[in-house]
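Listed here are the chains, written in short residue letters.
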Amino acid sequence: GENVEQHPSTLSVQEGDSAVIKCTYSDSASNYFPWYKQELGKRPQLIIDIRSNVGEKKDQRIAVTLNKTAKHFSLHITETQPEDSAVYFCAALGFRGATNKLIFGTGTLLAVQP
Amino acid sequence: DVKVTQSSRYLVKRTGEKVFLECVQDMDHENMFWYRQDPGLGLRLIYFSYDVKMKEKGDIPEGYSVSREKKERFSLILESASTNQTSMYLCASSLVASGIDYEQYFGPGTRLTVT
Chain A
1 GENVEQHPST LSVQEGDSAV IKCTYSDSAS NYFPWYKQEL GKRPQLIIDI
51 RSNVGEKKDQ RIAVTLNKTA KHFSLHITET QPEDSAVYFC AALGFRGATN
101 KLIFGTGTLL AVQP
Chain B
1 DVKVTQSSRY LVKRTGEKVF LECVQDMDHE NMFWYRQDPG LGLRLIYFSY
51 DVKMKEKGDI PEGYSVSREK KERFSLILES ASTNQTSMYL CASSLVASGI
101 DYEQYFGPGT RLTVT
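Residue numbers (my numbering), protein chains in the order written: chain A, 1 to 114; chain B, 1 to 115.
Some hints could be false.
[Claimed, not checked] Pair by pair, the computed Cβ-Cβ distance ranges are:
no.: 1; chain 1: B; residue 1: Val96; chain 2: A; residue 2: Thr10; range: 33 to 43 angstroms
no.: 2; chain 1: A; residue 1: Ser52; chain 2: B; residue 2: Ile60; range: 23 to 33 angstroms
no.: 3; chain 1: A; residue 1: Leu40; chain 2: B; residue 2: Ser82; range: 40 to 50 angstroms
[To be verified] Sample of chain B residues lacking proximity to chain A, with all beta carbon distances greater than 10 angstroms (derived):
no.: 4; residue: Asp26
no.: 5; residue: Leu43
no.: 6; residue: Arg44
no.: 7; residue: Ile77
no.: 8; residue: Ser87
no.: 9; residue: Leu90
no.: 10; residue: Glu103
I should point out that these hints are in silico values taken from the structure, not numbers from a laboratory. All C-beta atoms in this analysis are idealised placements derived from N, C-alpha and C, irrespective of residue type, glycine included.
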């Protein structure tokens, strides 16, 4: 069935370094790929998304790239700060019946060391 | 501003009890979802609903049922709670597939402990 794999499961970086999280998906019909950030004790919130008609999208220090041929997409965070510490989930949009649903990766715990 | 609320932040129940988790959204979203979140397993979909009285099984529906009598409210029911259902439960809502906005808005979660 539909599947999204996410790596790494944990990532520790020094403040100011870059962080990269990678995901692969199985459903070639997926056309929407969001990234959610979940801070400790809080709800997941959308931070950036990309659609299949573009290869890259950037929003300040975060960017997402998409390779539809290889069926993988990545989150890039530059100049990391302690407040970037959180669990990050990638997802791919799947369709079932009358509605859409997101298939989530297993999450990456990012720790930014001051 | 979309608001998704859940009836309890923390809940402790005994094995065999019937448990109700309530979720309410105020943005007139058609889709509503229930996930459970466990360390290392991410967000796993239990059930979802795309309209009142409509429901579909997600990836892990066993031991759960749902109810959607009103558009804004989606309930998750544990018919007979078991210890392996101890988890964080997250509700979410989204618009119907419009080609424009697929964002899911999450509630704050309910930490359920079954003893």
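Open item on the list: For the hint 33 to 43 angstroms, verify it against the beta carbon of Val96/B and that of Thr10/A.
Closed with: Given a distance of about 36 angstroms, which is inside 33 to 43 angstroms, the answer is holds.
Closest CB of chain A to the CB of Leu43/B still more than 10 angstroms away: Check fails; 4 angstroms does not lie beyond 10 angstroms.
- Does the claim that Leu90/B lies off the interface hold, with its Cβ farther than 10 angstroms from every Cβ of chain A? Given that some Cβ of chain A is not farther than 10 angstroms from that of Leu90/B, nearest at about 7 angstroms, it is violated.
Review point. Taking C-beta pairs only, is Ile77/B more than 10 angstroms away from all of chain A?
Key: 20 angstroms, holds
Is the nearest Cβ of chain A still more than 10 angstroms from the Cβ of Glu103/B?
-> 5 angstroms, violated
**Report entry** Least C-beta distance between Ser87/B and chain A, which was stated to exceed 10 angstroms
**Finding:** 14 angstroms, holds
Per the stated criterion, does the least C-beta distance between Arg44/B and chain A lie above 10 angstroms, as a non-interface residue requires? 8 angstroms, violated
Is it true that Ser52/A and Ile60/B lie within 23 to 33 angstroms of each other by Cβ? 28 angstroms, holds
At the C-beta level, are Leu40/A and Ser82/B separated by a distance inside 40 to 50 angstroms? 27 angstroms, violated
Going by Cβ atoms, does Asp26/B stay more than 10 angstroms from chain A at every point?
-> 15 angstroms, holds
Hint compliance for this structure: hints 3, 5, 6, 9, 10 are broken, all remaining hints hold.
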